[in-house]
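Those protein sequence lines, which keep their order, are chains A and B.
Heads up, the first sequence is in the working numbering, so the first residue is 40 and it goes up one at a time.
Heads up, the second sequence is in the working numbering, so the first residue is 40 and it goes up one at a time.
Read the hints as simulated data drawn from the structure, not as lab findings.
Do not take every clue at face value.
[As the list claims (entries may be wrong)] Only pairs whose alpha carbons sit at most 16 Å apart, straight line, appear in this in silico EDC-like list of lysine to aspartate or glutamate:
id: 1; chain 1: B; residue 1: Lys43; chain 2: B; residue 2: Asp363
id: 2; chain 1: A; residue 1: Lys260; chain 2: A; residue 2: Asp276
id: 3; chain 1: A; residue 1: Lys43; chain 2: B; residue 2: Glu133
id: 4; chain 1: B; residue 1: Lys43; chain 2: A; residue 2: Asp381
id: 5; chain 1: B; residue 1: Lys43; chain 2: A; residue 2: Glu69
id: 6; chain 1: A; residue 1: Lys260; chain 2: A; residue 2: Glu69
id: 7; chain 1: B; residue 1: Lys260; chain 2: B; residue 2: Asp363
id: 8; chain 1: B; residue 1: Lys448; chain 2: B; residue 2: Glu389
id: 9; chain 1: A; residue 1: Lys43; chain 2: B; residue 2: Asp376
id: 10; chain 1: B; residue 1: Lys163; chain 2: B; residue 2: Asp376
id: 11; chain 1: A; residue 1: Lys213; chain 2: A; residue 2: Glu267
2 protein chains.
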Amino acid sequence: MTLKRVNIGLLGLGTVGGGTLNVLVRNAEEISRRTGNELRVTCAAAKSYDPQQLDGIADVSVYDDAQQVVSDPDVDIVVELIGGYSPAREFVLEAIRHGKHVVTANKALIATHGEEIFAAARDKGVTVAFEAAVAGGIPIIKTLREGLAANRIEWIAGIINGTGNFILSEMRDKGRDFSDVLQEAQQLGYAEVDPTFDVEGIDAAHKLAIMASLAFGMPLKFDETFTEGITRIEPRDVTYAGELGYRIKHLGITKRTAAGVELRVHPTLIPEGRLLANVNGVMNAVLVKSDMVGPTLYYGAGAGSLPTASAVVADIIDVARTMDCPESRVPCQGFQDGAIEDIPVVPMDEIETSYYLRLSVRDVPGVMAEISTLLANAGISIEAMHQYESHSENGRVPLVMLTHHMREKVMNETIRQLELLDVVEGEVVRIRMEHLS
Amino acid sequence: MTLKRVNIGLLGLGTVGGGTLNVLVRNAEEISRRTGNELRVTCAAAKSYDPQQLDGIADVSVYDDAQQVVSDPDVDIVVELIGGYSPAREFVLEAIRHGKHVVTANKALIATHGEEIFAAARDKGVTVAFEAAVAGGIPIIKTLREGLAANRIEWIAGIINGTGNFILSEMRDKGRDFSDVLQEAQQLGYAEVDPTFDVEGIDAAHKLAIMASLAFGMPLKFDETFTEGITRIEPRDVTYAGELGYRIKHLGITKRTAAGVELRVHPTLIPEGRLLANVNGVMNAVLVKSDMVGPTLYYGAGAGSLPTASAVVADIIDVARTMDCPESRVPCQGFQDGAIEDIPVVPMDEIETSYYLRLSVRDVPGVMAEISTLLANAGISIEAMHQYESHSENGRVPLVMLTHHMREKVMNETIRQLELLDVVEGEVVRIRMEHLS
């Protein structure tokens, strides 16, 4: 079999860059059997790197200047694995300007500068692929753009940040505190020294904005994505939710409604029997509800050197396959350029969902009646209400409630009124709840 | 946006044919937004059909002779939804002979005549797509051929027959008998009047042979696939397995080992915490273990009119995209033609797994010792042994054991010896067990 040679220039030789070299070397034969291609990394740019990464790979020029890679006339595909907004954006645009196809694992870049990058690629007749940007090794981009192409996608709910899921899984399994588990996650290398992107839902919002764009054929709306982190989840909320038959997961949720598209990342109670509720540790999973096929779920490693590289190399293979056939390429955003519709994002006040509430109330007669009356007057119907008498402390007891479906604006106002009651102490804890059915 | 028109000829207007028309009509706009194509069914062949299926679809000629569809010069893609071996095989080959691309949902056809059909397509420069043949609406074919293309796939374990999974789920949830649930499944339309293909694992073996071919780049080996049905599973085995922390699922398993490829469909105990163990009712799921990304799982509806049609139309979209670009097509079996390797199938005697055994033993002292000694002499180590004294009947009690990993040949011989013992009555029940880790 004569192999067609495809030349790759790598930007970045860190965790994912090293993994990509690893996959290309270790599975060179399997990849050639599948594709008929010889995928060769001919050059790379890195400020510093471990030379052992290049063992067994012949003739790779390593520069400390990315410019030499993006402008190398022999390079067919530039693979950007630096991460972050800048200079990744400039390098990617420069690569496109030189007529290179681009593969990237950079969710922050695509979520914030995707439109600019896709437009530049369109003008130059090259393609930009970013499977590794969402849910690591799970082929969710391909699924949304191709596998489900016959469907109108209705909503997506995903566990798309492994760090957050590890923390919540540990809190549930071992009754540990958020900050305690976070420290361990940092020691294990699952969480960054500055964990803000992970635990505040920013990383998940990047991925969610990308998925929404591909699912609904709309622009990238990271800036309009609501985020609420998991830092204020307490072990007792995990316990109470469990007793009521729910688990708390940090979900990215996007939904097409008559009013527009919901885009939100927040801790969420989901019924314990759902597959998504049983995705634990650092694993990711994305549940997609489509009109024809119904619910489908995709599960796997959402991060890590080799899983992410698996997605990067799948992209390289796809790009190589259609390199000489522009008309056979799937559009970057999964929809034809002229067909992208600017669907408005539904303001958080207007979303509808159900809620878990935890109040600290005075342990005196009539409290339940007072609170029930307030809720009834607001038109809120309650699915379950539980007062934990045995958890009484200083004359206060926890009161936990689950509401039926309602508008967030009404809930916000109700929480404000509840906090004004004499019998309620401190802030009301509110966690949104989704049945995913 | 000017749409490119793609003409489709349908063979069969039954459940999936009707669903395909439905998807194409209801989602015509979304599909055009994604693809820039207008996918039009221009003709169809059916012996009998419901004319309402054609409501809202202009200018479809319906023939009772498939020949008129496969030879129609205006048709670009022939979609075969008749099912069964013949005349589906002849129609598909005839369509290829006329230079048509083919999309089919026919697992029996691909599993048994795939090689012949792929060779014919290769000779004519057309493509054959069959996403709907495995796990209905789950895009598992695309995942194996493209999403995981950077990986060496190690093994696959799938719940790939919805009827069987519905029966086992009901048996577990409600303690019902196999035959009782089967009757209900037939009334609900989940099971055929002759349920052999579903409950004996033949349907699953068709799908497994196809997945193995794409995963490992080997010929289709349906004839060499071991099948064991679920007809002899008793409610008490479901209960005992549950008490030991396992669920019984009818799995299709294929594994690449040093000795070759294992290809087997049989009832299987799997740990209750695994996602696959929590896939219930008629739903399907496929767990794929690959070397770089690790385990990934794909879940969704494995049958039904619209879910299957979702996969059929995704294939039509893929075929249309690469219609004018032969070099950008993914090969039918996911590997280049010259790269398919004839890997031998490992005989069942040689596979290694662990086992659940249930014996009916005399309720007398020394039985456990006698059986333990026999097992120890055979070199079998036991993970758990449980005698259900309270289930004693006519002086016999059930004895349940879980073994460690061992060779099937040794287990067969051991079962033969156990059945010769005076203290053991009747046949030993043996169910294979996989940890999927």
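Hint check results:
1. B:Lys43 <-> B:Asp363: holds, 12 Å
2. A:Lys260 <-> A:Asp276: Since the Cα atoms of Lys260 (chain A) and Asp276 (chain A) sit roughly 31 Å apart, the hinted pair is violated (cutoff 16 Å).
3. A:Lys43 <-> B:Glu133: The hint is violated at about 33 Å.
4. B:Lys43 <-> A:Asp381: Outside the cut-off at roughly 24 Å; violated.
5. B:Lys43 <-> A:Glu69: Given pair Lys43 (chain B), Glu69 (chain A) is violated - Cα atoms ~36 Å apart, limit 16 Å.
6. A:Lys260 <-> A:Glu69: violated, 38 Å
7. B:Lys260 <-> B:Asp363: With a Cα-Cα distance of about 32 Å, the restraint between Lys260 (chain B) and Asp363 (chain B) is violated, given a limit of 16 Å.
8. B:Lys448 <-> B:Glu389: Within the cut-off at roughly 6 Å; holds.
9. A:Lys43 <-> B:Asp376: Holds. Lys43 (chain A) to Asp376 (chain B) sits at ~15 Å (cutoff 16 Å).
10. B:Lys163 <-> B:Asp376: This hinted pair holds, its Cα atoms lying about 14 Å apart.
11. A:Lys213 <-> A:Glu267: violated, 24 Å
Going down the numbered hints, you'll see the structure goes against 2, 3, 4, 5, 6, 7 and 11, while the others check out.
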